[in-house]
Each structure stands twice: as structure tokens, then as C-alpha cells.
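Visitor: Chain residues, written in single-letter form:
Protein chains: 4
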Amino acid sequence: MKSIAITLAVSALLAGTIVAKAQAPSWVPPAENERCPSKWGAGDERGAGNHMKPQTVLNAVKLIKTGEVIELAHVLGPGMPFFGTRRFDMHLKRTFMNTGANERGSNEEMVLSEIGQVGTQFDGFAHQSHRNSHYNCFKTEEITGRGGFTKLGIQNTGAFITRGVLIDVAGFKGVEMLGDNYEITVEDIEGALKKQNTSLQQGDAIMINTGWGRLYGKDNARFVKSCPGIGVKAATWLVAKDPILLGADNWPVEVAPNPDTQISLPVHQIALVVNGVHLLENLKLDELAAKQAYEFAFIMQPLKIQGGTGSTVSPIAVR
Amino acid sequence: MKSIAITLAVSALLAGTIVAKAQAPSWVPPAENERCPSKWGAGDERGAGNHMKPQTVLNAVKLIKTGEVIELAHVLGPGMPFFGTRRFDMHLKRTFMNTGANERGSNEEMVLSEIGQVGTQFDGFAHQSHRNSHYNCFKTEEITGRGGFTKLGIQNTGAFITRGVLIDVAGFKGVEMLGDNYEITVEDIEGALKKQNTSLQQGDAIMINTGWGRLYGKDNARFVKSCPGIGVKAATWLVAKDPILLGADNWPVEVAPNPDTQISLPVHQIALVVNGVHLLENLKLDELAAKQAYEFAFIMQPLKIQGGTGSTVSPIAVR
Amino acid sequence: MKSIAITLAVSALLAGTIVAKAQAPSWVPPAENERCPSKWGAGDERGAGNHMKPQTVLNAVKLIKTGEVIELAHVLGPGMPFFGTRRFDMHLKRTFMNTGANERGSNEEMVLSEIGQVGTQFDGFAHQSHRNSHYNCFKTEEITGRGGFTKLGIQNTGAFITRGVLIDVAGFKGVEMLGDNYEITVEDIEGALKKQNTSLQQGDAIMINTGWGRLYGKDNARFVKSCPGIGVKAATWLVAKDPILLGADNWPVEVAPNPDTQISLPVHQIALVVNGVHLLENLKLDELAAKQAYEFAFIMQPLKIQGGTGSTVSPIAVR
Amino acid sequence: MKSIAITLAVSALLAGTIVAKAQAPSWVPPAENERCPSKWGAGDERGAGNHMKPQTVLNAVKLIKTGEVIELAHVLGPGMPFFGTRRFDMHLKRTFMNTGANERGSNEEMVLSEIGQVGTQFDGFAHQSHRNSHYNCFKTEEITGRGGFTKLGIQNTGAFITRGVLIDVAGFKGVEMLGDNYEITVEDIEGALKKQNTSLQQGDAIMINTGWGRLYGKDNARFVKSCPGIGVKAATWLVAKDPILLGADNWPVEVAPNPDTQISLPVHQIALVVNGVHLLENLKLDELAAKQAYEFAFIMQPLKIQGGTGSTVSPIAVR
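Here the protein sequences come in this chain order: A, B, C and D. Sequential numbering from 21 applies to the first sequence in my numbering. Sequential numbering from 21 applies to the second sequence in my numbering. Sequential numbering from 21 applies to the third sequence in my numbering. Sequential numbering from 21 applies to the fourth sequence in my numbering.
In case anyone wonders, no lab produced these hints; they're calculated from the structure. The reader is advised that the hints may include incorrect statements.
Identical chains blur together in the list; that is why a pair holds if it fits in one copy or across any two.
[Said to hold, decoys possible] In silico DMTMM-like pairs for lysine to aspartate or glutamate, Cα to Cα no more than 25 Å straight-line: (1) Lys113 <-> Glu161; (2) Lys193 <-> Glu207; (3) Lys73 <-> Asp306; (4) Lys171 <-> Glu161; (5) Lys253 <-> Glu207; (6) Lys73 <-> Glu91; (7) Lys73 <-> Glu88; (8) Lys214 <-> Glu315; (9) Lys73 <-> Glu52; (10) Lys171 <-> Glu91; (11) Lys261 <-> Glu203; (12) Lys304 <-> Asp239; (13) Lys253 <-> Glu91; (14) Lys159 <-> Asp109; (15) Lys245 <-> Glu196; (16) Lys113 <-> Glu162; (17) Lys159 <-> Glu203; (18) Lys171 <-> Asp280; (19) Lys159 <-> Asp306; (20) Lys73 <-> Glu307; (21) Lys171 <-> Asp109; (22) Lys73 <-> Glu315; (23) Lys245 <-> Asp109; (24) Lys85 <-> Glu315.
Values in this document were obtained by computation on a predicted structure and should not be read as measured data.
Take these sequences, add in the hints, and give me the full structure.
Guide: This is the structure we're talking about:
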């Protein structure tokens, strides 16, 4: 790994220069000995997913009063926004007419997609690293093969049934949509929770409504160029509540680009690498917000992709 | 469509010849005027999915007593069996090291797959037809575009939360696995239900344990070569119970090849084309059967693939 | 094909309306009985490719004097322009370390692409039709299967070694690049040929330099938005010279959009459907033009894609 | 790279054990200081491709007497044999009917394939390594990105026009096909050349007819299970003749598995890694052999895949 070593050395030098000239970055990941083993134990691959227990299910189910199902996923199709070079292409394999007196025609489709990382989408721990070090200090080169990850794969998570909480920050601020790169503050979250009369509990699936989802499929260029969301401070505050996951109606859960231009999507590392908390992106939260459904049973079934970094999902809120 | 017209004319001639020489096929789909409009109304695209109502959810949730979650999906990976030329290929897009003082590495994967029709998998109504006529007499050429179906797409179904019932036919027959192309009879189903003390209700997700799932990932060649399952009679009997879907631990739900060699997978047409009842294939039912969990809350979230013929899924049983 | 029949009827009505209000389209394809069978005989699939004979090769080889090879293909990579939704994605399948004392590492890549229709690219006769009728009146629905065309596939063409001629229209007009949707006239071609002192011969591979190729990989948005090129008149004039193919340094060989807004890329039909003359797109002609190499041995080897509509190629000029 | 370091240490230990018990492997790659820089100079990426010069072209063209073209490539389609998990899938994107009075229909296809490494196929130097060291000691981790190799990519080679020589070993041995894992000896090659009255020259494209190509598309399982071909000794002898490439009608050019079970496809390293000589696999040589065409102009145009490890090709012999 000589090339990376050189890169790091050079960037350390550059960082030194920057420090001399300007400010240090507002956040960098803690050293491995400060974050490993994780609180879930050495070798653990599930992180906050360990919150999923029978009692968690029972507590969630108690929130179901009317049987109303609210979908939290966008449709997967040609109108989707994409991050970078990702895509979702579907090629129809049109009618194969089977032999037989019953004249049975059969259709299917070939899909080409980063199916773990497009659309409404759930992030696993193989997705992100600090240098080459993932959640619980698994090393990239020790857990990768040609066909996927041998540790931390998304097939390990199982289904989620837990209490879901919507924090409607856009609603709290009295706007349809937060500004293009507005960083949500701890005060915003506390204010929204107070206004909603909602408290957070261990193991919650926490979803933040920024209103940014209004652009999804309508102004995709703007949707992916930047977005409002939580930053280092709010993420740190939320992670301290010990949730099972953090979600939002924007593409990276967090504010992007980060107001501190020296760092790149730090909440991805705070959640996935340092604390083992999953992320859930590109949620469709407009219906929840409109109905002021702040507390509900949250249900999600990731595809069991062996060695996958994540999964496109179709989660629901039930109440 | 001259070529198909010719094909049909020829096959009609051949059928005529066969009738003269031998027996008529044991089943062919009814004429369009006998099956359309469907009982759910002209233009309906959801079929038995219309059973999904708030009360259905509440009834299902009542079955959750302990919070135990039992997974019904196999892992998606290189060890899977495939029908025909289908596949699931995953290509790791290994670490992209982002710029930034937080040294964030990012991994993802490109998946190439008939993601609607591989693994544990849910069939929609665009998947099958009688000649060119689908559920509710939608015509293939009127509802297909380059990128998928414009009607009957799987994005319409929404999530399923309903009462699930396991019919353990292998258990009833006292075998680990039914024979390689054993056709399950109505008597088998009635006997198993009686033994289990289970009754069927409108809107149930009905799953049949043949034991064939034991071969999944272990002897894939045998798994896909044939399988035990329901035939025309048992399917007709089950469909009359008005279920939301029919599932099994084999690859086509039904017996294959059909004992009547003149017809090809007729249960696909009975369920999907004629009656608008969904199919759920390649289920992992061993745990349910071992635990004698015959009644449970069934939860499934198909991917919202626009115009898709089906969806790979990760359903669960909760009790 | 009811839906298409309706579409045609409606468009005929609309056309009628347009005629009443405005002008008829400047060109529509001739009726089938005027163009079929082709001059190469009923059932012929090779069209102008029939010009390839041993004597054609010998004539071309005589033009090789210095052994200089000039490449006419652009590199296939992330900087390419694309028409519509086409793409060229390459996913590295990084080192598989084989067992063995010789410690052999192996790399390969998965490519996802309309490999017949991206980059420097050669069009076959399955690519285009008038309604459902291709070259020599092969019908789309009679020659298509799930996996490609059963007639007119690109695997039939074989390699091309013939006299190549560059017609440098940009050079004749004294510009680096023709205007964004300039239609090259017959006079332009005659003028350029006279200036170059070049005459056309039966079986030539004719390539037109518009200068538009300067934008390839540099301003891809502009490159594909429109382009200068030949229109109906110049194409008709060129096709009458009986060439083996027509090529250019733009994306459709012809001017786009056509100045007659009622018709869409008519030269595609004039060449591929009506006359069986191949097209060669996205050529890199800058070096030829700079060296004033107007006559040379043209060599091209399409991939032998069974049932393919075309092939990405790497043709060369040798002199 | 700790995991690989461990692997190597362990394999060194195992090798030690094997030496104590049995024989040393018959060949391992030379140390880097014995093979780098290559004879073409430090930093060179073209290897034997440097033989391509104008005089090479002129010499080849002199061999063209009749203009006869003999194709050396198999068709790319569903009947192809594949090595390992490689594939060639084509999905027809059926008719898009463009708007316009000229009613222009357009078809294309999506291809999913290791297009550099399937069918009749040309190997570049990024394809193979000794540990992490390629031709001219380029290191894998220093020349790989997500989207391909930054050095040694196949786009660098350009077209090949050179003298081609067929060595018909099957013909020399008087058999239609050599045995399933017959290792061709130096004596076989010398004998065949003498019988043919052919001599080798610097820069030749050398192709060996084993007869194994008869199985291509007919008994694919046997075709890829093993094959006759050259081994370490014959490869060393041939490489000393300084050819531009070595090809054969089998899948790896060389005998497989190697008779020395301790080593894996050593000729790949001898040619590609140590000597910078290209390999050309899965050639169709039956017509050349039947016509006793032992000397000819060899022409090949690899696709210009940026950073690719190789290219599927359609080479020809012209005489």
C-alpha cells in the first residue's frame, strides 16, 4: 500500500501547512484505540442493529393502533436522482413464449444498479471507512474479495421492527424545505422534539424531515448538488441517544457539503465507522410530516445481499 | 404480430392432431370473456393485493405475542440456484478515498441481476400471460416499453402485512422432503391443515412447505431440475380460499414439470393471470416448519421497481 | 400490434392536418415494393458489404506505400460522449491470486455497455427500420428474439479492407469546424473532392470531416446536442456512388436535428434501410485531415456479436 | 497488505515443506531485478508491441497475393465457452419508435461481459502479475483505480499488422486434435516448422494449431476443463524468437492444467509479465490449417478500452 502511505504522508504535510496558515479541521475520526473494540464487543458486525430483540418488536407493535401503512420509499425508476456515477438501469427481457398447450408467456428484466446504494437506501458498515479501517476496526484489505465483503455484509442485519420517530425540523422552522446547505443544529432538534412532544428512546429509528425530499425526481440536479442536514454536532448528540439508525429525506442524511470544507461527509464516519449506527437515505417523509405522524412502528427488510455494503429498501411506518 | 399468429394457428392445428390421437390437455386458461374484468374491477392492477387494508394489518399484528422474528429469505450470493439463464452478479467497486482531512474511504458494488426474478422472489402480474394477455386482460404490447411495463408494475403492490399460514405438507406426509416431482393433492392440503389445526381465511399469505428448500444452495442442479408442489387441482382449491398470495420453498410454487406434459407451469397462469393472486418463490421455510409456527404475522416489502415484473424480497414471519 | 396501428393511423391523420396547414415532409422512405428486394437480391443480409471481395482487398493494399498507420477510433472511457441513455461502464475485477508456487495474480473487468452503439461505432442493418421494416424488408418481429436479432446481425459483415476516402468539408470551407447544425450540400462535397483532387469509386469507405470531432471528450454536451453533417440530398448523391459505408466525425454521420423538423435522422434510413449502406460514427479524423491523407487503405474489424445491431470498432487508415 | 503478506509467508513455509518432501516447482518467475527494466526500457508499457513499425506493416502487406481474407475469430453469442464466471450477455433494447413523419424505428442492445476476456481475445499486460508486480515491474496497487488500470491499459497497443505464422502441431502429429492436456514440446514445434518449411522472424504473430478449437461451441465443458498447449520449455523457446504475440486455438494458449501441479498457467507469466509478449486466445484456426496457410498478413484491432486488461477481437489472416 505504498501509494496510499505516500498520499497520507503528503496530506499530513499539507495538513501541517494548513494548520500553520489556518484552522485545524473541526472533526477527524478518533484513533482506533479510542473506538475499538466497539461497545458491542470485539468482532461484532451488527453495531446498533443489536438493538433488534423480541422486546423491541413488541414495543413497536404496541404503536400500531389503526393499521395505517405509510410508505417511506421512493419508486425505483428512470426519474431517480443519483449520486455520482451510480445508476439504476432496467432492461426488459420481453416475452418468452413457453411451449405447451397453455400458451404461457413470460417476461422478466435485467437490472444493472448499485442496488445497495441507490434510491431509498440503507447503509451497512462495509460502505465506509477511516483510511482502511471500518466499524470495529475491520480492515478493508482483510475483508474484501472480488465478489463482496467477507465481514460486515448487509446480509447480517436482518429485518428491523422498532419504534420510529420523525423529527420534523422543516416543520419546526416553519418552512417547506431547509436551505440548500443548512446545517441542522442541536437546538433545532431539541426544539422540534419539544414542539412535537416527542422523546427519544434507545433503539429508535430516527428520521429527520428537512423537506429536501420535495426535490426528489423533480429537480434532481439540485437534489444531489448539496443538501441541508445534520452536521458533526447534531449527529454526535443524536448518536448519544443510542438509536438503531439515523435517516433523512436527503441523500446523505447529513449536510453536504460540510460547512467545514476540510472534511467530507463526517457524519458517515461518526455513524457507520465510529459508532456502528446505520444510515437510511433518500427517505420519502412528506406523508409522515403532513400527517404529523411523529411516532410509529418502523419496519424495514434489507435485501440479504451477501457481502453487500448496503441495500435499496422499501421501509414503512405503521400506526 | 404475424409470426405469433402463425405460431398459434400451427399450434392449434397440432393440438387438433393431438386431440385426435391422444388426450386433450388437462387445463388451459379460460377465454378472456370468462376471466375479464377481474373480480376486482375493470382496469384493476392490484388483484388479490387489494386485500391489504388497515383491518388486515390489525388482524395480523394481533398474532404477534413474543416478538420473535423468523426470516423467510435465503441469502443472495454466489451459492444460489438459478432458473434458466438468470443470475446475480456482484462486482465490488472498491475503495474510493475521498479528499478531506477525515480520510473517508467509500465502497459500493454494481449488481447485475434479474432482481425481480432471483432468490426469494415475489411475482407480479406483468411476469406472466396467456398468449399476450395478462391479468385483467392487459395486453403485452400495450403495456410494454423499452424500460419496463407501464401497467401492472411491481411498484404498485405496496407492503404486505397480513396473516401468514404455513401448510406443512412434508410434515403431514412424514418426510423431510417430498419426491422430485410429486404433485400435492387437495387431500394432502386438507390433511395437513387438519393435523395442524389451522384454518384458512380470506387474505391469507399461504405458504406450502415441501421440504424441497433443503436442496437450496446445496444441490442446486437438482433443485431447479424439477420440484414437488401443487398442481392445477390444489391451486384451484387454494385460490378459491381467496388468499393474497401463494408461496412455497421450491422455485415455481407449483410442481414442475407438470405431470401433464402438454402444459407448462399452469399454476402460474391460474394464480397470476386468471385470478390475480401473487406467487412467492424460493422461500426458506425450514425454521417455520421446525418450530411448528403455522400461523403468524407475515410481513413483506417488495422493492418499488417501476414497471418491474416482480421483486427479490426478504419477507419475515413474526409471532 | 394494435397500439402501433392506432399510432400510425393517428399520425396519418395528423400528417393530413399538417399537409393542409403547412408543407409535406421533405423526405419519407419509399414503399416496400420500391425498395425490396434490394439490388443485392431477395434475402440478402449484407447490403453494400457485398463489395468486399479479394480484388477489393488487393486494390486497397496497393495504396499502402509507407506503412504508416493512422488510428480512426477514440478511446473508450469515462470521458466519452453518449447519445441518450447509452453508456460504457467498466468495473475492475481486481486481483484474484491463483494458487501455485508461481504466485500468479489475475485481473479482469466487467463492462456494461451498448457495445454495438457507443464510441467509434459501426451500424448494421438491424439497428434501424421504417416502421417495422428493415433493409430488404426483413420485419422486426420476425427477426428478433430475447437475445438479439436472428437476421441482419453484425456477425455477418466480416472484416473490411477497402479503399478509404476522406472528404474534408471543413477544410474545403476553410473552417476548423462546421456550424452546429450545418447541412453539408452536394456542392460542398463536389468542391471538396475537386480541391483534394480525389474521385470516388464503387465500394469506397467514404468518410466526411466536419471538424465536429474536436468537441469529442472536450465538450460532450455540445457534441451530442446537435451536429453538422450530410442531409437527404448529399446522402442521396453519395449513396449513388455505391460506397461500402459512409462515415463521419460526428455522432450520426448526418446533420442533426434535420433542418426539416418533420423528420428524424433520415440519412439513417436512406443508408441502412433503403440502400443497405453501412454507417460509421464518431470517427477520429483530425489526424487524417491534418496530414491531408485523402486516399488510403481502410481496415476495420467489427466484433462478431451474434444478432448485434452494430459494433464498437477501432478502424485504421494505412498508407 | 497484511493478509497477503501472511499468505506469502505461509506459502513460503509450505513451499519449504514441499521441497523437503518432494521436488521444487519446475518454474517460478525470476526476481524483479532480473526482469526489470524490460528490454524495451524502464517505464515502457508496450512490450513486444513495439515491434509494430511502418516496415513491419510493409513486410506484412507483401504477403498479400490473392486478397483472400480468413477470419480467425469465433462468433460472440450464447454458444460460447467461458472460463470461470465470465460471461457474454446481450439484452435487446427493442424498437424505440422515433417521432417524425419518416417513422424511424431504432434498436440497440446492452451487453454485459468481461469484454476484454471472453471469446477470441487478446491479453494485455495489466491482466497478469507475479504477486503484485506486472510487466516492467508496475505494481498493481499503484496502477489501479475503480474504473480500470492507469498504466498498461489495452488502449495503448494500437492495431497490429505484421507477418503471421501458423505452427500446425496437430497437423505435424497427424491428429485432428492433441490430447486433453498434452504439453507441446520444442521438438514438436521444430518438427512442425520443418514440415511446413516455415521459419520464424522477429516480430511475428505466432499461432499454434492444437486442434482443440474443434470443441469450441460444441463441447464447451470439455473445452475449458483442460487443454493441450505449450508449456514452460516451448514458451521459453518461442519467446526467444522475439514474437509480437503468441496465440492458439485453445483458451489459455498454454497447456492446462500444467503438468507440474505446483504451478498455475506459468506461460501467462513468461509471456505477459516477464517478457512483455502478448497472448491471443480462443483463435479459430481450422480454416488456416485446412488451407495450409502457414504465412500471411496478420491484422488485429483491439478495442481501445481505457485501462482495460485485454480486448475481445476479430483478427484476420490475409494472403
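Visitor: Output the indices of the hints that this structure fails to meet, ascending.
Guide: Hint check: 9, 13, 17, 18, 19 fail, others pass.
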